[in-house]
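These protein sequences, in sequence, are chains A and B. Position one of the first sequence corresponds to residue -5 (my numbering), numbered consecutively onward. Position one of the second sequence corresponds to residue 1248 (my numbering), numbered consecutively onward.
Simulated from the structure, these hints should not be mistaken for laboratory data. Even glycine gets a Cβ: it sits at the ideal position worked out from N, Cα and C. Each hint can be trusted.
The calculated DSSO-like cross-link candidates involving lysine-lysine, where the alpha carbons are at most 27 Å apart (straight line), are:
1) B:K1330 to A:K95
2) B:K1256 to B:K1304
3) A:K71 to A:K103
4) B:K1256 to A:K95
5) B:K1304 to B:K1330
6) B:K1304 to B:K1317
7) B:K1304 to B:K1318
8) A:K103 to A:K43
9) B:K1256 to A:K103
10) A:K95 to A:K43
11) B:K1318 to A:K95
12) A:K43 to A:K16
13) A:K43 to B:K1318
14) A:K52 to A:K107
15) B:K1256 to B:K1318
16) A:K52 to A:K71
17) A:K52 to A:K95
18) B:K1317 to A:K95
19) A:K103 to A:K16
20) A:K71 to A:K16
21) A:K43 to B:K1304
22) A:K107 to A:K71
23) A:K95 to B:K1304
Over the 12 Å line for every Cβ pair with chain B, so calculated as not near, a few chain A residues:
24) G56
25) D79
26) N105
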Amino acid sequence: AQSVAQPEDQVNVAEGNPLTVKCTYSVSGNPYLFWYVQYPNRGLQFLLKYITGDNLVKGSYGFEAEFNKSQTSFHLKKPSALVSDSALYFCAVRDRWNFNKFYFGSGTKLNVKP
Amino acid sequence: DGGITQSPKYLFRKEGQNVTLSCEQNLNHDAMYWYRQDPGQGLRLIYYSQIVNDFQKGDIAEGYSVSREKKESFPLTVTSAQKNPTAFYLCASSIDGGGATYEQYFGPGTRLTVT
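Bound conformation, chain A alone (with noise of 0.2 Å):
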């Protein structure tokens, strides 16, 4: 079964520095792996996947994810997190056989603190 896990349910970080969200996932074969973010009562933007290719995939807003297939992982990253990054984020991953479904983490609450 594909599923995608998410271990954190709030990561906190100052204005200026770093993020991590976290994504691992399990699926068989190669993965389609995809970020989304939610702002309060508002639906999912899409910010990048991972199909194949390079590693480091560079996405909307700043954002740029990792992909490490030893670790089966799928990190979401940035530099220099603003105030205006806070929201909830999702990992997905879209099943390659019936590739209609998709599988979402449980979220990752961001918080950016000035």
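On the provided structure of chain A, position chain B as indicated by the hints.
Relative to chain A, chain B alone:
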């Protein structure tokens, strides 16, 4: 929210009533999805549809029904059989090009409260 509209934003119903949530997209996407979001549980798939007049149950379809009469529209009905319907409901769509590389686009959500 990427060309997907959901209405209404907030919905209040009495227990025992059916209620229909609207989802419309103008992205020309074939695939559409309904998710339920509860605090601390992430998103859970209710139903999805790859093509008009066809849809499949997701992981938590009991107490819900859908229709897909038009490519742009995928309404969700929360029936009185759904034991715990109060939640935030999200509609999404995606290109269905025969591959798994495409991301989903989400609507703004409908918060349903049943009392």
